[in-house]
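S.K.: With the hints as your guide, set chain B onto chain A.
Heads up: the protein sequence lines correspond to chains A and B, in order.
Under this note's numbering, the first sequence is numbered contiguously, ending at residue 279.
Under this note's numbering, the second sequence is numbered contiguously, ending at residue 566.
It is possible that some hints are incorrect.
[Said to hold, decoys possible] Chain B residues, not near chain A, derived (Cβ > 10 Å throughout):
1. 514
2. 520
3. 524
4. 543
[To be verified] Below, in silico cross-link-like pairs of lysine-lysine (DSS-like), each with a Cα-Cα straight-line distance of 30 Å or less:
5. A:33 / B:483
6. B:483 / A:31
7. B:456 / B:441
8. B:483 / A:175
9. B:441 / B:483
10. B:545 / A:175
11. A:175 / A:31
In case anyone wonders, no lab produced these hints; they're calculated from the structure.
Treat the numbers as computed from the prediction; the structure is a model and nothing was measured.
Glycine included, each C-beta is placed from N, C-alpha and C at the ideal position.
The primary structure of each chain is shown beneath.
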Amino acid sequence: MSLEKRDDFDHNAWLKTKDLTPIESVFLTTLVFLDRRLRIVDYLELLENAYYKVNLQMPKSHTEQYDLDNKFWYWYPLYSLGFFSTLAYIVAAVSGALLGFYYAPTAAGDPSAAYNSIEMIMTELQFGFALRSIHRWAAQIMMAAVFLHMLRVYFTGSYKEPRELNWLLGIILISLSMVFGYTGYLLPWNQLAFWAGQIGVEMALATPIVGEWAAQLLFGGFTLGQATLIRMYILHVFVLPFVVTALIALHIGIVWVQGIAEPH
Amino acid sequence: MSENETTDDARTDGGETGIVAPDDEVPTWSERKERKSGLSRLTYEYFERSRREDQDLRNESDYVERDVLGFPTWPHEVIRNLSISMFFVGMIVLIAAALPPSLEAPADPSSTPEIILPDWYLYWSFGLLKLNPLNPGLAVLDGGKLLSDQLYGVLANVVVVGAVALLPYLNKGSARRPVEQPFWAAIGVGGAVFSITIAGLAVQNLIPLPLPLQLNIVFVFPVVAGIITYTVLKTMREGYMYGLNRRYYMLRPPK
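Excised from the complex, chain A in its bound form (with noise of 0.2 Å):
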């Protein structure tokens, strides 16, 4: 059913008809698992092309190849989730940036600094109700796309072979994007926030051997204050925005490197 795969070249084959030290074998082991996924050896050959002025053409796309598209892809508006996701990301980053200007992570006062603030943001400031709203449905939205998404490279199969890592890294990707939103859905600190942290903490420990560390570090203690708004709010607006988007680069990035899998 499947295409066959071609193995004429085994690379394990011919490392093992190599006598080679234990570095030089991890050596090219890493180098042809590298270069199997991400074809370090097709840049060399640019530069290489380049050199000889070999004119650049590029070969037919699968669908191209194979006479597709004359007939309607049905799934094909569903590959533009990723780039969804990714555009519900920058506009969540953008009005959350604006929401920062105005947001206060402090559990004191009266009910709280922090929900004064958002009932600031929400009543009085200027489109303040328009941002917080447009930030909160830009999260949901991301968040369903993600998960349409992963539904997407799954029922296509674009999971496999030289497409591991990035499904790997997609499954970072999601639960740090749920992280994302759950820090954010604490930061109002009304009752909802609160009780949801609190489920939190009892996750964290029920979690043996590291669970008490993890709610210390996470939730700055076992029971809810100041300390948790404002850890929230760091992993929110600081740790998670710079780690997120960077992964979401190489996620990216090597979408790109490895091309869209289309199905066959």
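M.R.: Relative to the frame of chain A, chain B by itself:
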């Protein structure tokens, strides 16, 4: 050093004339610069193999490489992307305007609300935390539990995420469409349905069903959905394969 090697060393432009080098005459990595030992030598040896593999595949393939003027990036592709992006961002703003978020009551540690929920995208995870009715009591421990209910829930999350992460190592091969692998498509549909039914478990206090019935739904519905998917895809397969084979056949008629 022999005569031959010195010539090769001096010749770094790939040929006398410096014009387009046909594939066979492009000097190999080792010819271009002699590397005698160590990792660089191995690197170039491997790159030669890798290049040769690509070249063999190219020679064997029957499609004609040609100068491609693809769909132009500017303005066509850029305008298309911009219009899609603007539409999408516009939709976000429209939804945000139509359905603004509310601000609940401020945090009050002394009163537990009736409904504690995370955002919707964490319902599945929250549902897994509520699997404690399935945490078995062991006879050895006099009905005591090996894992605390909370740890059981956390582990359920770890198991689910771990299984998803292992996917590329469980399902290999080059199949790309669900019809090619009805079993894996069924697993996928079952998983998607499970993520919804388990989310229902997260809001169990809002659903007017007894807990045992709801637990049955959580696990039976995904299986049913999987079986239906499997059956449908198996049935589709015949006709689908016919069309696909005809397509490939017309491109590569047997010699």
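S.K.: Just pull the numbers of the violated hints for me, sorted ascending.
M.R.: When the structure is compared with the hints, only number 9 turns out to be violated.
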